[in-house]
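Colleague: As a plain string of letters, each chain reads:
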Amino acid sequence: MVTLKELKAPLSEQGARALRAGELVSLSGELLTARDEAHLRAVRMLRTGEGLPFRLEGMAIYHCGPIVRRDGDWRVIAAGPTTSARMDRLAPELIRLGRPRLIIGKGGMSAEVLEAMREVGCAYLAFPGGAAVVAAEALPEVIDVHWEDLGMPEAVWHLRAEGLGPMVVAMDAHGRSLFKEVEEGVAKRSALL
Amino acid sequence: MYSSAIVEEAVVRLLREAECMLPADVRAALSAALENEPEMLPRSQLEVVLRNAAMAAELTVPMCQDIGLPVFFVRGRYDPRMERAIRRGVARATEEVPLRPNTVDPVSRANHGDNLGLWMPPVHFEPSDARHLDLAVLPKGAGSENWSALRMLNPAEGMEGVRRFVLECVVRAGPRPCPPTVVGVGIGGTADQAALLSKRALLRDLGSRNGDGALAALETSLLTDLNSLGLGPMGLGGRTTCLDVLIEKASCHTASLPVAVSLSCWALRRAFARVRPDGTVSFRQEGGW
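Line by line, the protein sequences are chains A and B. Residue numbers for the first sequence follow this note's numbering, beginning at 1 and rising by one. Residue numbers for the second sequence follow this note's numbering, beginning at 194 and rising by one.
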């Protein structure tokens, strides 16, 4: 097993900028899940200056719609990442207005998101898609839940993380994206087939 | 005749097994991919995926939070109680496994809460004279389903056109459908039949080959081509982009050549049940439909 760089969230701008594409990391601390509907609502509220019901600055946003179950307290059953590209349209504004320091997801995001991350100081961590039970094991506590009216997958789950990983720094705050590099190679090789 | 309570119970167990236990052939293909991968980054992705599958089976929890939409295939004599029993089974499994409520109204996006809804779950009925009832479930996650594609080729484009379209689909999807993927391809029929065949293909064992020699050769050569792309596990680079290519065909109009592609993420989930007239039920996850 490879050793992982251990991150703690909330994270400072300096901490986010210290991350480099290709590093393997794990995360402890707090995170907020957010998918399509939560992005829509958060961006709308930030635009109008209405405060969010949770702190976003410095936080890690996790593109995830977990399975949670309530036996007394909420418990996370399965919580792998969802496809981040669906949030491409709203993420640049969310990053600029909300100033999160980490985005966790799968599959990577657009050049516009990469630019917003470079500007603000934010890094993208890729968690292996579908590894929902490994993730749930590292999410031992539901601290809070916001916007439950959006339904279980789309609500904002405020979770405590304990060694969530391994994750790959796939897009860093210096404009480098591993996904972009791999896709360029794929395009070249596919042209020969 | 079997009772609808037995069918309902079988559906709950089918979903539990499909969602929590990765079929043996898929596990073997992922292990082979890991063995074949020298680089640390893609190895780390495959190791986690395999560890996740082992944990899901041990704890009997869904291996992925996107439990998908459960696509059903049913073969037997038609009985109107059957569809209601399947729906009750899906609603119960949603509570009991538990499964994430995934179905929403396409316009209002309101979540139905029970994985049911208008035309949900999809049930594809294949009439047969047999006295037993065969059920298959293929839970299909949205991450891979969102990259499904159909093209009505010009017949003159032939199998070379099919090959190019499949390559294009995998390249365009990139890291998003959670590679290494399994590529289901439907050739021929009408547009809707091609799409259905591309899903039905995913019920076949990995490594099995189509009985049509030309299609078997295309399955093998496409797999080699796709794995030369370097997309790799989760699109982070590496040797294994696809675990297999499975092609099914139907006869088609002389002026048409439909081709459809359904990608499955690495978590190819499937389970089969046979309900016999005496009420006994057997379950399996491999061996095909």
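Simulated from the structure, these hints should not be mistaken for laboratory data. All C-beta atoms, glycine included, are put in the ideal place defined by N, C-alpha and C. Treat the hints with care, since some could be wrong.
[To be verified] One-sided and incomplete, this derived list gives chain A residues near chain B with beta-carbon spacing under 8 Å:
1. P10
2. G72
3. K106
4. G107
5. S110
6. A111
7. A126
8. A132
9. V133
10. P140
11. M152
12. P153
13. E183
14. R189
15. L193
[Stated by the list, open to error] Across the chosen pairs, the derived CB separations fall in these ranges:
16. B/A217 to A/V145: 34 to 40 Å
17. B/E232 to A/A111: 23 to 29 Å
18. B/S444 to A/D71: 51 to 57 Å
[As the list claims (entries may be wrong)] Derived SDA-like pairs: lysine to any residue, alpha-carbon spacing no greater than 25 Å straight-line:
19. A/K180 to A/E115
20. A/K180 to B/R357
21. A/K188 to B/R432
22. B/K442 to B/G351
Colleague: For which of the previously enumerated hints does the structure constitute a violation, in increasing order of number?
Modeller: As far as the earlier hints go, 1, 2, 5, 6, 10 are violated by this structure, in ascending order.
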